[in-house]
Structure formats: C-alpha cells, structure tokens
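Peer 1: Which chain is which? The protein sequence lines are A and X, in order. Per the working numbering, the very first residue in the first sequence carries number -1; after that it's consecutive. Per the working numbering, the very first residue in the second sequence carries number 7; after that it's consecutive.
Each hint can be trusted.
Across the chosen pairs, the derived CB separations fall in these ranges:
| # | chain 1 | residue 1 | chain 2 | residue 2 | range |
| --- | --- | --- | --- | --- | --- |
| 1 | X | Asn46 | A | Trp65 | 30 to 38 Å |
| 2 | A | Asp48 | X | Asp59 | 53 to 61 Å |
| 3 | X | Val29 | A | Arg183 | 45 to 53 Å |
| 4 | A | Arg165 | X | Asp59 | 46 to 54 Å |
| 5 | A | Glu94 | X | Gln66 | 29 to 37 Å |
Residues from chain A that face chain X, not an exhaustive set, calculated with beta carbons under 10 Å:
| # | residue |
| --- | --- |
| 6 | Ala74 |
| 7 | Asp77 |
| 8 | Leu82 |
| 9 | Val93 |
| 10 | Ala101 |
| 11 | Leu102 |
| 12 | Arg104 |
| 13 | Ala105 |
FYI, nobody ran anything at the bench for these hints, they're computed from the structure. For each residue, glycine too, the CB sits at the ideal point set by N, CA and C.
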Amino acid sequence: MFERFTEKARTVVVLAQEECRQRGDQAIGTEHLLLALFRVPENLAAMVLDGFSVRRADVEADLAARWTTPPPDGAADADALAALGIDLDEVRRRVEEAFGPGALDRARTPKRRFLGGHIPFAKEAKKALELALREALALKHNYIGTEHILLGMLHGEGAAHDVLVERGVLLDVARVIVDELVRGRRAG
Amino acid sequence: MSEATEVAAAASSRDPAIGLAGVAALRRLLESLEELQVANARAQGWSWQQIADALSVSRQAVHKKYRRTVA
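Take these sequences, add in the hints, and give me the full structure.
Peer 2: Below is the structure:
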C-alpha cells in the first residue's frame, strides 16, 4: 500500500515504527504516526499542525496524560481485586511459596515483544493510512504525502485523532489548509 | 463501615468504573498466572498439546501466545 507514498511520507512510517519501539509499545498506533510527523523536516503536515499551534511537546504531554494507567502490579489492582473478594497479597504469597520470591511479579511485567523485529500496525493506524489514500484521491493528488496522513488520522478513531481534536485541529479546516498549501506550492 | 461491608459494597457496585477496573485487574492476574503455569509446565516437559488441553484452548493458540516468552 506504500507505492504512492512520497519520500517524506515513507519516512513518517519508518519513524513511527521507531517511536513505537522506543516506547515499548506492541503495535504502531496513530499516536506514533503523529509523533513521527513532527520529526520529518519541512513537511506539509507539520506546517498544518504549526498553523493550529500544535507542537510535538503538546502532543507528548497529551499522550502522557492519556497513558496514566496504573502499573499492572500497582495498588490499584489490589484494590480492584479486593472489591471482588480476591486478596492479591495472598495470591502472591501462595505463588511465591510454590515458585519462589517475585514469581508472580516477574510474570506481571509487560514483555517488550517486538524488539528488533517487525512491528504490526494497530487497526486505527492502518485505517488512517487507508484514509490518507482516500484523502489524496479526493484532493486529486496522485501521491500520498504527510499531509494526507494527517488528514487520514483526523477522520476517526485513534489516540492521534482524540489529541488533535481536543487541540482544535478539525478535519474540514485542515483539509482546506492542505488544499491551499498544495496549490500555493504548485503556483510558486 | 467495617472493612467487610466496604468490600461487599464495592463488589456489588453498579458503577462501571469500579466493575470494569475489577475485570481488568482480574484479567492481568489471570494472564500472570497463566504465563507462570505455562512456563512451569514447559519446564516440567509438558507438550504444547498437553498444556492446551489443560487450558481448554487450541494448541496453536497457546503456542502462538507463549513461544516467544516461554521456551
């Protein structure tokens, strides 16, 4: 599906993979694509985002706020399990009795699975890239650039969509800006 | 309120935030125990098929899930 991607758009996909790996995430999500957009110099998507005064640091802060799920072995889980009548400490004690100290918590540490290997796209990211193609076609562009990836992200689901919409980046407005920028570029 | 009544109140809560957090915590605990037990079974020489049968899942499912983390 990447045949029509411009060099910069391809770079975004590659960098998204890097962002994903650095964070130890298991699949490339729209948030990784969005973070990657900021790292490619002089791309149209970044210009559009700049027009909305959205910077990488803002996005990082928003994403960090969304990812504040408690660690798996945190006190929150113990409370939640206690509400169901399960004593996590007691479970841990019995498991350690059989398997040795730290046995349960070792298993509870999330594994960094795809280190070095191929990282799959999350459903939303795949969808966003498909929509990027659709956006390019609608604008009668015969390539898929970073600007189309951004528009694709703005369509629907995914962390990038939520973060951007909360920061006032709207699909319709962004599409008009992209159109103008591309026309301007052709004219000039 | 005594501790026991508090727990009972929470468990019977219709608040989705409490109920779903309980399910999520339970799932994480389940996953940990499963990984631990699968690793233990493998270490004791159980085949993937035997483990799958004991877990009531397909051999493919258990192998796919654990082949990277469990020898």
